[in-house]
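Starting from the two chains in their separate frames, assemble the complex, guided by the hints.
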Amino acid sequence: MDVFNSLWLGLGVAMQPMNLLFCFAGVFIGTLIGVLPGIGPVAAMSLLLPITFNITPEAAIIMLSGIYYGSMYGGSTTAILVNIPGEAASVITCLDGYQMARQGRAGPALGMAAIGSFIAGTLAVVGLMLLAPTLARVAVKFGPAEYFSLMVLGLTILVWLSQGSIIKALIMACLGVVLGLVGIDSITAMPRLTFDQMQLIDGLGLVPIVMGLFGIAEILNNLEQRLDREVFQANVKGLMPSRDDWKRSAGPIARGSVLGFFLGILPGGGAVISSFLSYAMEKRLSKTPERFGKGAIEGVAGPETANNAAAGAGFIPLLTLGIPPNVVMALLLGAFIVHGVQPGPLMMTQNPQLFWGVVASMYIGNAMLLVLNMPLIGLWVQLLKVPYKILFPMILLFCVIGAYSVSNQVFDVYLMLGFGVLGWLMKKFGFEPAPLVLAFVLGPMLENNLRKSMILSQGDFMMFLERPISAVCLACAVLLLVSPLLPIFNKQRKQLATEES
Amino acid sequence: MRPASHKLARRTLLGSVLALPAIGSARAQAWPARPVTLIVPWPAGGSTDVSMRAMAEAAAKHLGQQVVVDNKPGAAGTLGGATMAATARPDGYTIAQMPISMFRLPYMQKTSFDPQKDFTYISNLTGYTFGVVVKKDSKFQTFKDLIDAARAEPGKITYATPGAGTTLHITMEQIAAAAGVKWTQVPFKGGAETSAAVMGGHVSATADSTGWGPLVDAGELRLLCTWGGAQTKKWPNVPTLTELGFPIVSDSPFGIAGPRNMNPVAVQKLDEAFRAAMQDRAVLDTLEKFDMAPRYMPTADYIKFVNETIAEQKVLIERLGLKTS
Numbered sequence: 001m002d003v004f005n006s007l008w009l010g011l012g013v014a015m016q017p018m019n020l021l022f023c024f025a026g027v028f029i030g031t032l033i034g035v036l037p038g039i040g041p042v043a044a045m046s047l048l049l050p051i052t053f054n055i056t057p058e059a060a061i062i063m064l065s066g067i068y069y070g071s072m073y074g075g076s077t078t079a080i081l082v083n084i085p086g087e088a089a090s091v092i093t094c095l096d097g098y099q100m101a102r103q104g105r106a107g108p109a110l111g112m113a114a115i116g117s118f119i120a121g122t123l124a125v126v127g128l129m130l131l132a133p134t135l136a137r138v139a140v141k142f143g144p145a146e147y148f149s150l151m152v153l154g155l156t157i158l159v160w161l162s163q164g165s166i167i168k169a170l171i172m173a174c175l176g177v178v179l180g181l182v183g184i185d186s187i188t189a190m191p192r193l194t195f196d197q198m199q200l201i202d203g204l205g206l207v208p209i210v211m212g213l214f215g216i217a218e219i220l221n222n223l224e225q226r227l228d229r230e231v232f233q234a235n236v237k238g239l240m241p242s243r244d245d246w247k248r249s250a251g252p253i254a255r256g257s258v259l260g261f262f263l264g265i266l267p268g269g270g271a272v273i274s275s276f277l278s279y280a281m282e283k284r285l286s287k288t289p290e291r292f293g294k295g296a297i298e299g300v301a302g303p304e305t306a307n308n309a310a311a312g313a314g315f316i317p318l319l320t321l322g323i324p325p326n327v328v329m330a331l332l333l334g335a336f337i338v339h340g341v342q343p344g345p346l347m348m349t350q351n352p353q354l355f356w357g358v359v360a361s362m363y364i365g366n367a368m369l370l371v372l373n374m375p376l377i378g379l380w381v382q383l384l385k386v387p388y389k390i391l392f393p394m395i396l397l398f399c400v401i402g403a404y405s406v407s408n409q410v411f412d413v414y415l416m417l418g419f420g421v422l423g424w425l426m427k428k429f430g431f432e433p434a435p436l437v438l439a440f441v442l443g444p445m446l447e448n449n450l451r452k453s454m455i456l457s458q459g460d461f462m463m464f465l466e467r468p469i470s471a472v473c474l475a476c477a478v479l480l481l482v483s484p485l486l487p488i489f490n491k492q493r494k495q496l497a498t499e500e501s
Numbered sequence: 001m002r003p004a005s006h007k008l009a010r011r012t013l014l015g016s017v018l019a020l021p022a023i024g025s026a027r028a029q030a031w032p033a034r035p036v037t038l039i040v041p042w043p044a045g046g047s048t049d050v051s052m053r054a055m056a057e058a059a060a061k062h063l064g065q066q067v068v069v070d071n072k073p074g075a076a077g078t079l080g081g082a083t084m085a086a087t088a089r090p091d092g093y094t095i096a097q098m099p100i101s102m103f104r105l106p107y108m109q110k111t112s113f114d115p116q117k118d119f120t121y122i123s124n125l126t127g128y129t130f131g132v133v134v135k136k137d138s139k140f141q142t143f144k145d146l147i148d149a150a151r152a153e154p155g156k157i158t159y160a161t162p163g164a165g166t167t168l169h170i171t172m173e174q175i176a177a178a179a180g181v182k183w184t185q186v187p188f189k190g191g192a193e194t195s196a197a198v199m200g201g202h203v204s205a206t207a208d209s210t211g212w213g214p215l216v217d218a219g220e221l222r223l224l225c226t227w228g229g230a231q232t233k234k235w236p237n238v239p240t241l242t243e244l245g246f247p248i249v250s251d252s253p254f255g256i257a258g259p260r261n262m263n264p265v266a267v268q269k270l271d272e273a274f275r276a277a278m279q280d281r282a283v284l285d286t287l288e289k290f291d292m293a294p295r296y297m298p299t300a301d302y303i304k305f306v307n308e309t310i311a312e313q314k315v316l317i318e319r320l321g322l323k324t325s
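Residue numbers (the working numbering), protein chains in the order written: chain L, 1 to 501; chain H, 1 to 325.
This is chain H alone, in the form it adopts within the complex (with noise of 0.2 angstroms):
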């Protein structure tokens, strides 16, 4: 008994005179006072929502507030984060998860947010692993026999994504524009029916993450390609895209970002609590589940990183022609 009640004393103690310099910085230190809302603008139970679920567990044991997620799918990844550029307060509360569309669309057409000017850049989290499926007795068996296809029927073979101005839409027209072929995309509202769409034979193919995983696994879909830099892990044998010939690496990285001029506490506060978070077993864990890698940057760098991608895409979308207006 006697070492037990000591331990808890001498717990008791510390933690007082641990709290006692908390006291006179109180004001700072209320941050935050309430659950941080972070919007994920994707159907609940795609890669990207389970593993934003894990990292908002994971960071909110480090903010001592729950962190809620909400789910505002559409818009190619985009709604969630309009809707908070227009409606949230910068105080912190509210945060989305920045899908790379946020600083594509802007340059394919109108949108209501201006990705340089609109948010407060917090950290960057981690990317994806993209492929393309196709279904077990089609007559593609690589990723050349599609694109044959397409060279032979310029349009007739159809391919589905999550959404137009995707990481996938926009890769894959790069790969049609380096082979000098002509294909179409069929933007579909997230993962989810984006498989039903290619195993009922309504599209050509599939460009999507991981969700196709357990259809490759059990023979029902035939991955033709991945789109990281080296192989993944579960699927050795499948070659990536700069194998096959074409120098691109596509693993659209993600981070998270508040309403422009965010309270400085808040932004370093939740930069901290996300690296912690990004080191965590069971987010670490969920990431390997969905073959994403973590690719943690702190604020200063993902602002850069942020400059440097909307710079890049301005050149892609202009030299791909998808600018529509």
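Same shape as in the complex, but just chain L (with noise of 0.2 angstroms):
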């Protein structure tokens, strides 16, 4: 019952019209942000952190915190309409989500992005008010061994899951992991693959990447067909999901949720880890595993209820502990201090209505970014109609200001266009995008992760089998590695796909 009360408090300070009215502003420009490609809640967030000082230290925060899950609203729709994930943890979303809109179908893959972002928003906060304590407490637990393990187990994970050959995955996999070592090394401060060039001092950029692959290849490749807009506008059915596209992202939105808020606790790439672990996850308990990829909705709703769960559990280790799991979170923890108050164990009954009525709010900005995002669809679905010369130039300049925007270097512009260009050579050989932004991603913590091991285990190697959790992410992924060569696993695949022709 002190849940309730407390939650009673928090809503009182929440439904103050000024905190209201903060709430939306935040949540209005995180929309705005996550639907603009490149331009990511970091940036924004520290533009305004100096507007905040002068309101009070509640809608200070309910307001940033509006901004960073508001933005993981946003962050799908370039996903699915346009194949430029709004952030790393939309990458996945682009697989099924875009093949959906050439189907015309987008508008059931927007809608269901946005309702299972609803949900798992919403669940997060109540897992948030719940547990936040306990959970804290056992996510520290996650040390370097660990984390290895569960990096390890999603690179395995993310080669198993690709579509076509497993080889090229691999190469894939391998080339990201190698663009994620250009730079300053972290545990010795040593320069490695920069060539003497200072622009790769700070290693390279992710926006610039994703948008390259992704965004600037796609347009080039479409540059080679025949210039009108063959399935998009012919057939457009309807806006919301239908009653089997709920029936089907039910069970995903479900498990999303779950997986993204307790990957979310952890410090470190929680939201984009729980995103392609929930793609894996769907693909492997489908019925018809061969639809994903080209248009199921169930690769949507899966991994966008996963980040953003993740996203919401992200507070709880920041509210609970002091400890920021992500660079929003460290921002986040900054506009705390410069408020007067102290995120951390005592928060919770030092500033108990700062505490409630932040939680409180997150409640609010959940309904208030239903209510605003699913008018927003019917909206996004009519750019479908512009045509290509127009749509492409704008894209082009879209990309071309977030990447520049990120790093104001007018070389992640060059860099942007080059791994445009090497995108376009990869779809034309088939190779998939995806493995290399999320090795890229992936491997740098590998890297760090593996070395503070070595460092703690003096150099001794059985550590991560030591350890349960790092031993059962090891196990986990050595029997991914060796299902396709046991008998067993093969003949049940065998099976499985007789039944389906």
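Hints were generated in silico from the structure; no laboratory data involved.
One or more hints might be untrue.
Listed next, the in silico EDC-like pairs over lysine to aspartate or glutamate satisfying Cα-Cα at most 16 angstroms (straight line) [unchecked claim]: (1) Lys-144/H - Glu-243/H; (2) Lys-117/H - Glu-308/H; (3) Lys-189/H - Glu-447/L; (4) Lys-110/H - Asp-185/L; (5) Lys-234/H - Asp-280/H; (6) Lys-182/H - Glu-153/H; (7) Lys-233/H - Asp-291/H; (8) Lys-141/L - Asp-137/H; (9) Lys-189/H - Asp-185/L; (10) Lys-234/H - Asp-291/H; (11) Lys-110/H - Glu-318/H; (12) Lys-156/H - Asp-460/L; (13) Lys-287/L - Asp-244/L; (14) Lys-234/H - Asp-285/H; (15) Lys-428/L - Glu-224/L.
Structure below.
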């Protein structure tokens, strides 16, 4: 009952007209920056941080949080419509979301992404409210060894879930890891693969790579085709998900929420990992895995739900331990301290009105986002009717602005164009960009944690097997890799194939 | 109504009189004509970042232009300065926070920058409060317990730092050398990760700036010692290193610098703006929240201090045998 009293207190704070206004401003800005490719919540929040100095701490945190989870809603929009992920966590959404749009089903894809996001966002707040202190304590049990093994499992799944040749996916994943090595090494501070080029000291930016491989490559690819709009406008089948869509998506949404929530609590990369783990899980559990990659709504509902749940869960270590699990949360920690509040174990008792006010505002913000996003779907789908000769230059312009705005370096624009050409060639030869991007994100984390583990264990590799969480992750990875070789699995797979035909 | 409009008229008049001489020297006065980028080589939200943001805001008021903080974390806080030295124009529109590792890393390994040649030093600003924490249920009640354990099993005691070659790393090794023990560093990326590492029991202890504060106050972590010249205001019962018999004061003062051969007008203006910022109430309040003491030095003093520090670091690194190349 105590929780409900507290929530009541929180609602009192969140429902104050001023706070409602800032909540709306936050989710509205969040939606906008989520939709614009390349412009992420970090940039928007750092720009707006100084503005919050003059408002109450409650209003400031409510607005900044709103920007964050609002941007998670918007991130799927461009992924579905034009195959450009709004952020790394939406890379997976491209696979089936864009195919759905090609089949005239952009509306249901966007709708299901928004509804899934709403459900996940709300469940994450419930989890935050009820389980936060306990879970945060479990999350710190994840040390370098556990992270390493989780990354190994992640990279394995990445190759395993790819559509075509496993060799080609492996090549892409390796390329991604190598690209991730560029820059100053995080353990000893030595430059690697920088060829004495100072632009490479910082490493390669994620945004130019993602927008090049997906956005620019897509445009180049389309330019080769006839310039009329194949299926896009021909048959836009409804804006809302159908009964069948709902039936297919219920499971993925439920599983995605739980998976995203738990991975989101872990410091580092929760949203990205959870989105593709969810995709892999849905593909494995599906009775018709061959539909994936060709416009399966499960492939949109699951990952989009998972990354929103992860975004919500990311608040847990920050609010209960004062430990920010990602860059956005670190920025939020700064905002708290500037307003004279130290997030940590004492916050719930010392600043209950702030803690519960922010939690309650997330319920309201999520509802606002749903109301805001559902009518927008019609508008976004209309965008597809814009002729290519207008749409392509516009996408190109947004990509260039996005790539430039992240680092303010023209180098990144060239980098993006270079990766655009690479992406176009990859498509021609049947290589997929998703394994490359995800390996690029996970590779450096894998290396950093491996080396920290080795320091901790004094070079003893047994550490990875002696720690239970780590051992389970590695065992799963091995099982996935050998499963095609084992006769039992192979037989099952063949059986499945014959039943379907 | 009358007094108000009278006052307004007078202010306008005063304004135009003041503006007159400015027109003559408009060319020299033109700096800054656009926002200044301040590179902070630490993750957003840490103590350095938040205090630099407060200073940036206060300095912006005096410059009449925004000072935009750009976080470029990595490589023990040298990534930002190294990038600036290599890519930024010396027009004063790109400056960077200079952590002490900028003067130290070149003696530990090959770096792409030379702290003596590649920068134009502007002003020194402040320093940190450092301390060593262990988990609440750790068997180490005092700092002496930790040292004794390291003596009993050389290399077995591990400590997290926010990066290799940081003051935390060096000072921990200085202590080990003074006590004649051996322990093992585990470099993380920034403060947030080090707190999680000690909370989760992955390392025996964490040496970091006051990011551990709320966890210490909540009784989750135990603060064994602080490294300042005197006890801290917030944790007055915790001994300093000096009190524990190690004559070491470690607060890692930092300032700001631009690329070499920077526009002297910009140097002067930035020094003035940051001196004013160091007297700003909001900045002082922010520094207080992180237990940082203001330590402003004007350009000339800062250059002298930098040269002394560089010489001192060379000796320290060689004596501790941290040189890898």
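Structure-based check of all given hints:
1. Using a Cα cut-off of 16 angstroms, the hinted pair Lys-144/H and Glu-243/H holds, with the two alpha carbons roughly 12 angstroms apart.
2. Taken as a hint, the Lys-117/H and Glu-308/H pair is honoured in the structure, with Cα atoms around 14 angstroms apart against an allowance of 16 angstroms.
3. For the hint pairing Lys-189/H with Glu-447/L, the CA-to-CA distance comes to about 13 angstroms; that is within 16 angstroms, so the pair holds.
4. Between Lys-110/H and Asp-185/L the alpha-carbon distance is near 13 angstroms, which keeps this suggested pair within the 16 angstroms criterion.
5. Between Lys-234/H and Asp-280/H the alpha-carbon distance is near 22 angstroms, which puts this suggested pair outside the 16 angstroms criterion.
6. Taken as a hint, the Lys-182/H and Glu-153/H pair is honoured in the structure, with Cα atoms around 8 angstroms apart against an allowance of 16 angstroms.
7. Our distance criterion of 16 angstroms between C-alpha atoms is met by Lys-233/H and Asp-291/H, whose separation comes to about 8 angstroms.
8. The straight-line distance between the Cα atoms of Lys-141/L and Asp-137/H is roughly 15 angstroms, inside the 16 angstroms bound, and the hint therefore holds.
9. Simply put, Lys-189/H and Asp-185/L have alpha-carbon atoms about 11 angstroms apart, close enough for the 16 angstroms limit, and the pair holds.
10. The straight-line distance between the Cα atoms of Lys-234/H and Asp-291/H is roughly 8 angstroms, inside the 16 angstroms bound, and the hint therefore holds.
11. Of the supplied pair hints, the one linking Lys-110/H and Glu-318/H holds, its CA atoms being roughly 15 angstroms apart against a limit of 16 angstroms.
12. Restraint check for Lys-156/H and Asp-460/L: satisfied, since their Cα atoms lie roughly 13 angstroms apart, inside the 16 angstroms limit.
13. The suggested pairing of Lys-287/L with Asp-244/L holds, with an alpha-carbon distance near 15 angstroms, which does not exceed 16 angstroms.
14. Annotation: proposed proximity of Lys-234/H to Asp-285/H holds, straight-line Cα distance about 14 angstroms (limit 16 angstroms).
15. With a C-alpha separation of about 11 angstroms, the suggested pair Lys-428/L and Glu-224/L falls inside the 16 angstroms cut-off, and the hint holds.
Violated hint for the displayed structure: number 5, the only one.
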